[in-house]
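Undergrad: So the protein lines, in turn, are chains A and B. For the first sequence, the working numbering begins at 12 and goes up steadily by one. For the second sequence, the working numbering begins at 88 and goes up steadily by one.
There may be inaccurate statements among the hints.
Unchecked claim - Keeping only pairs whose Cα atoms sit at most 25 Å apart, straight-line, the calculated BS3-like set for lysine-lysine is:
1. B:Lys96 to A:Lys76
2. A:Lys152 to B:Lys96
3. A:Lys123 to B:Lys96
4. B:Lys168 to B:Lys231
To be verified - Counterexamples of contact, computed for chain A against chain B with all Cβ distances above 10 Å:
5. Leu47
6. Gly95
7. Pro120
8. Asp234
9. Asp242
10. Gln258
11. Arg261
12. Ala265
13. Glu276
14. Glu278
15. Glu304
16. Pro305
17. Ser308
18. Arg323
19. Asp344
Note that these hints are calculated values from the structure, not bench results. Glycine is no exception: its CB is placed at the ideal position from the N, C-alpha and C atoms.
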Amino acid sequence: MTAVKHHTRDAGPGPSTGPGTDPGRNQERHHLFFGLFQVLLLLGLAALQAVLLLSGAIHLYMAPKMQTFVIFSTTAFVLMALHGLWTLLAPGAGAAARCGCSHDHEPSPAGKIAMVVLFGLVLTAGFFLPHQVLDSRVAEKKGISLSRSAAPSVFGSSRETRLPPEDHLFFQEEIPWDSAQAWDVPSSGTGLGEEQARLREELGIWYDRDLYQELSEELLDRDVLRITDDDFLDSMLIISAYLDRFQGRRVEFAGFVYHDGTMAENELAVARIAITCCLADAMVYGLLVHTDEPLPSNDTWVRVHGRIAATRFMEEDIPLILAERLETIPAPDQPYVYPRLYSSYVFEDGS
Amino acid sequence: MIDALLHAKMIFLSIVFESFPFILMGALFSSLVLVLIPEHFFRRWLPENPWLSLLPAVLLSALFPICECAIIPVIRSLVRKGMPLAAGAVFLVAAPVLNPVVAASTLFAFGLNPDVLILRLALSAVAALLVGSVVCLLRGSLEKDFPRELPMDHGHAPKSLRQVATWHEIGRHTASEFFTVGCYFIFGALIASLFQTFLHQAVLLDIGSAPWSSTVVMMILAYLLSLCSAADAFVAASFGAAFTLPALLAFLVFGPMLDLKNTAMLLGYFPARFVAVFILSGTLAVFLLVMGLHFLGVQ
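Chain B extracted, bound-state conformation (with noise of 0.2 Å):
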């Protein structure tokens, strides 16, 4: 027992000491967005109607090169700063699978083979789209709960970095997301490594045989093991004969948009309400997906 627990804590450490370089630069990121982007910036240049954005968003995600774990806090101050949060749930879903590293990760892990990174990507960018969608239409309820006054707004100019109290600000800003954040990844991180040692995950595979419940134990397993979206495909590839490539596809979608971790951060940053239509319409939206992929014969 003394030793499982070793191993826990081990597995826990390496969670987190390998997030904290991506948590910090994801906390810089979001105060640098809090601190210069100008107040409604994005009510200015962005069109009026939020569903116009959401595939403008899909094609930015790409060119963000960041991870889960960054990528919360800085959505939080993209759509304070008057981002429409249909928008961020699409960032939220696209952005850790629309980059290069996991790109060249998932092309690697399947032996060169693009097919997988192709469908990887494609579906990303479908639930992304579906999630962006719901969270439009609910819209309504939805952005009332999420408060865009931040008592730094009140008619501040857009500062300018030549002033020394301006990385002051970021330097604080930087230092608060980080213990934010991070007190929400290391509780995340801490019941990942309990799953991760004790979970026997042949009784979960033994469940997934047909199209459904395949479909089903990976989007589990991908929540419950948490890995990072750049490492997660050398895992699903060690899944290759038990499972059809609509189920490891599963895996690859869902656990970059949700896991254990990320919602324990999710659940910090944006309103509860918002987290469970994002959980709730990201979940439906990769299983029918999936399912989708099953139903064309894709093996």
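If we strip away everything but chain A, and leave its shape as in the complex, we get (with noise of 0.2 Å):
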């Protein structure tokens, strides 16, 4: 960038002695001034945004997905920041592309210190604040969702009563746990049943012949499901959706901890932050987990080796985790997990 900078300032000076009276002279450098002022700001962009992506810290913001708009903006701001030095300099672009309308481009004197100030933060914060990962933050102020199934349908076709819905939050207000209500293992679902064929059968309208389909036949058929970020919020779903069958099973999976007021002092959330576009709409995934160790603090990293069981909230079944161990285990590279997107599932599927 500071290269860039050293470019553009010597660069300056050239053309603000064209000819013109004196007043006109005067508005001509302050119009340079400007110009070269919005082509500083747009490499400062490029440059900040350039430097997450070739980091990888932009992972940190953004989806994976969205990255590829980010190449584009980048590209953008330097052919504009390009363009404008180009207007600022070369003799008769400038006007040509003013053709009487400049005051159009000019913002009033507070517009200019608006731009300062914002763009400014924009920059400054970019390079001179460090990366942060969201942590348990997220879950206290937007809550907890411990649970994937499928959303209930308003235009019940042939169904007259409402499924168990969608997710549910977990929050400090609601209800208090009852680790009573915790089932043993192995249940083969006392309770469990009626609620468990019907969201199933429910799933299987859009799911059985896909990629749940065979993502549940591959967890079911091995011996220990591992799972791993790429599956986290799959095999959730899936393990919500076929929580009878999976009864018993060993599991393994990694996340953060989060434990708040409203769990039991034996039980904590593991879990995973999902991020669909930007961290604006990041959500909390985690399982619910029993365990006979000492809890360990939130945002402490663990891997845990459990029996998947199931508890009852709030009127639904949502699985419960007892633990056997759990490892501590270093925060990973890869914080977030990704829900996929419709299209994903489109094409993967006929591959």
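Please dock the two separately framed chains into a single complex, following the hints provided.
TA: In structure tokens form, the structure reads like this:
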């Protein structure tokens, strides 16, 4: 970035000494200064985004799918800066581009100050403040989903009763957790039965023939379900949906610890943050874990080794993992997980 | 506290980086409209009566694959070229929702269940028509505020893309649009990131249990969170259990139309009176439509 700065500064004084009357010349100089300032802002934005892209830190800011757009905007910033320089420096080009509508381009003095402050804020925050990974603070503010399943249908073709709702949020103000309701392993599912059967039927309409069915068969075939980062959300969905079939199975997965006042003293959620586009849409998904060990503090990364059980929460059966061991691990390089968009199912399913 | 501010900074930059590409596309598109569409184009081709432009505007907004960050400068350019303001209002409501990316993400966020998607599209279209109608009724006073005279309008023939000067002009317009809309946008993103970091959502969600209060809560939440319309369905889906479907639809229809960041942009681009009418009629339209769904027994 510094090299480019020098370039623009060196190039600066050239054309401002063009012909013109005194007030016109003043205006011309002012115009040039403002134009160069915009060029610098554009180059600064391009440099900032390029640094994030090249260092890989961009993944701390958005989902991989959106990163292509950042390459586009970085390129656009460079092109706009070059064009800005060209119109400022090439004789004639500037006048042609202005075409008598220059006052439409120049913001008021207040507008210029706002531009300096706001774009300056982006550049300063981007270049000088450290990156931070979102953590259990998100769960504190937004709640945590402890189960994933399909949404109920309103135009309910053949069903009279509503299915259990999509996810549920787990907030401090809600019903306190009653761990006495947790079932023992292995449970063939008294109480689990009817709703689960219904839910599976509902899922079947959409999922049975494709990815979910395959993935669930694959998961059922394995001795131990080792849930990877990529599979975290899908596995959570499948375990929630086919909860009775997974009863008692061994499972291994990693996430950060989240515990709040609503959970029993021997229970915690082991969670991941899901990002759809940008961090504003961050959501926390976690599995409830029961452990006899002392609870690690929030935001500690752990690998859970345990067995799948179920418990009932807000009239819904949700997975409960009975941990045999909690292994503390270093925070992963890729802290977030990404919900698949519809298109990726369509394409991957076809292949 | 420092941690919380860094958290806010991450969300702030994330919103900014993610939206820049779309703001750039909007700025480019709006410049193309300004430079290439001949003066009084719409006067010549659209029916005299602005009421007749409302329905075509809804249909056309489905063809514009453009999200809420990009749409505002584009609509201003179109209105400056003589498109009825009411049609512009219809676009502002409908275009961010009626597009394929939003449809796909809504469909998937709700487990491929098409009901939510169908209701979302239908409500947005109806809300757009309602807002457009209000603007149409008040057009006498609203259109007066709107400057249609552009310095470059005086008698220039439509530009040819073969001339270098045309491209220079497009380039300059794009840059200036980007900086103007960017200022408002960055300001909106800053406020939104603070709400994202410090707002305890449970406080809001606890208020909303009755049909009307849950609708209001979801609209407030959509406004404060300022999500982009391609991602908001996933967030709505995560509220699933706590809220009825109409309340979720309030979130999904209201958010793309109005939120913190695009209010800032609207105020920068449209006369205050139009923005006030737009916000009031949009809010009321979504609220009444969602209450209508409650009334019809949709849960």
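Undergrad: For each hint given before, does the structure comply? Return the numbers of the non-compliant ones in rising order.
TA: 6
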